[in-house]
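Student: Starting from the known structure of chain B, fit chain S onto it as the hints suggest.
If you read the protein sequences in the order shown, they are chains B and S.
Numbering-wise (my numbering), the first sequence opens with residue 5 and increments by one.
Numbering-wise (my numbering), the second sequence opens with residue 5 and increments by one.
Just so you know, the hints here were simulated from the structure itself, not pulled from any lab data.
All the pointers check out, no bait thrown in.
Pairs involving identical chains hold if they fit within one copy or between any two copies, as the list cannot separate such chains.
Below, simulated SDA-like cross-link-like pairs (lysine to any residue); rule was C-alpha separation at most 20 Å, straight line:
{"#": "1", "residue 1": "110", "residue 2": "347"}
{"#": "2", "residue 1": "240", "residue 2": "7"}
{"#": "3", "residue 1": "110", "residue 2": "343"}
{"#": "4", "residue 1": "240", "residue 2": "198"}
Number of protein chains: 2
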Amino acid sequence: MTHEQIIKSTLDAIAPASIEHFRAAAERIDNKTKPRGSLGRLEELAQRLCGIQRTAEPRVDKRTIVVMAGDHGVAAEGVSAYPREVTAQMVQNFAHGGAAINALAKQAKANLLVVDMGVAEPVEVEFVRSVRVGPGTRNFREGPAMSSDEMHAAVAAGIEISIELADSGVGMIGLGEMGIANTTASSAITSVLTGLSPEELTGVGTGIDEATRLHKVQVIRDAIAHNCPPGDEPLKVLACLGGFEIAGLVGVALGAASRHIAVVADGFISSVAALVAVRATPHARDYIFTSHKSVEPGHARVLEEIGHAPLLDLSMRLGEGTGAALAMQLIAAAEAFYREMASFESAGVSDSGK
Amino acid sequence: MTHEQIIKSTLDAIAPASIEHFRAAAERIDNKTKPRGSLGRLEELAQRLCGIQRTAEPRVDKRTIVVMAGDHGVAAEGVSAYPREVTAQMVQNFAHGGAAINALAKQAKANLLVVDMGVAEPVEVEFVRSVRVGPGTRNFREGPAMSSDEMHAAVAAGIEISIELADSGVGMIGLGEMGIANTTASSAITSVLTGLSPEELTGVGTGIDEATRLHKVQVIRDAIAHNCPPGDEPLKVLACLGGFEIAGLVGVALGAASRHIAVVADGFISSVAALVAVRATPHARDYIFTSHKSVEPGHARVLEEIGHAPLLDLSMRLGEGTGAALAMQLIAAAEAFYREMASFESAGVSDSGK
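Just chain B, same shape as in the assembly (with noise of 0.2 Å):
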């Protein structure tokens, strides 16, 4: 099959989460010995779990952090505070172990898989899975980032990433990226799908002044008006505007819907990714659980978009997958409590029947 070919296939194989389910374990969760309703939102966990994975006993011990490398062309327009080459550095933070996803992902018992998807220069170490689609993109801000086709392998090598996750057990995957000048293509995306304004979508990203923050603006307004019309169809927005990893990341989400897997969205980058995917299919939705609200001011926006609401609210703003991985500990102790926890019968105690 072509690239296309293995999107368009996953596509049509995404379907709803199990509503039978969800609504089984809800039933299950009544007769625990706690009053209804009153873990709250890991309730909600645990039965949206059921509905995805299509059983009464879901499992997510198996679980896996994807963090997704690559450089943007846009880079070029000095809309960072950091410097193109921080992108390979810290992929090789990530393979040393290092960063702040390594000891995050370790907490959270979580797997990771480091992908260069397209650092400008190969990050050639045995640690990172090299699925370069390029050296980076191309500057958006003079023409597409990448072509349909180099679109259409950054999103089959997030797919068969996902479909290898499920072959190996994984439950629950997380998404995390890494790529400096992505806030700048993530307002972007963010921008053309929602028709909201690239200056209320635009922060300061890892760190910028408020000049540098107006000059992205105007970078980002350039870049639609000169490269993606409003209305496009989100695949075609991705390859105008997006990164090598965002793709991959919209990969990621859409091979683990089809596959009945969770996907764990992180902060602003990310939930652009998990948007497109939703864009793409709605179904795409039920699989996927928004981790954190991060400080990025378009993130909130995302979040509404993708309609569930985040786990955590901590003003972090790091990406790599580290709100993700916070979020997947909330999500295995639903797993748990679900799994784990006895009913008023089976334990002698006494029901109010409410």
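Tutor: Same frame as chain B, but now just chain S:
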């Protein structure tokens, strides 16, 4: 020493957390490979752990959730959705591993220490520690819930448990509780300590209807009017309106603070215990983390009084230490990033200087 002397000497031993270690941690965090401040509240958690433990290398890998149980005479007023027997039944459930806190403590890698502080019928199983102050408190609508001696015994018992945990190397203690009618006691204590009306502080607890809630408000009004003049000192309020499990948790919080151990409050009831500890000595605040905001209306007010923003808001209202267990995972994640992350220099990553 008498129980009263134990309490006095513990209060005297509680000093502020170390601002020097708190500040030094901030500097160390700013050199780690991420944009400054980008881990948001996780950074604050790591800093606070350093200040609490007075070290550049805090450890919370040994952690315990202390779940204290007690019965309440005021349950005879029909203020709960569940019969009083459920307190003992749930303690048995804890012992057999079937409750929510069993599943969530295991997820959080926390030991569970279940203490019978005064359940109506003694719970005689090996798993449960017996520190019974009496067969439940008296009905505080009719007079003080406990005598001064009983209050001192319960608080001192909690202190001794924290000292024992400190001696075994525990770095973080979660507060959990079980006691039918203990939201009534907690609303009453909160009303006296804050001056807010029972009406605005009283919710549906484990799930009562509006008529029962209004009755609960009246019971609390009567209790405060006859029994506990506003402005009384916190430990006297505790004796008038508290429960043995609440008093025990006040002791756990004080004992932990005296030994530089982090205390993680759970829902409304354990947060009221934390607030009593803070009112008894303001420096206790430095040692307390507030885990989540429950749906019980008084909880938000108690959290404001304690003065730390809760980490989670998941619409939970179970107690038992369940929210504390979830928050402990976040605090452990903070400790992990702080300990394990590389610096810009050691990882060879370019710093933006911002």
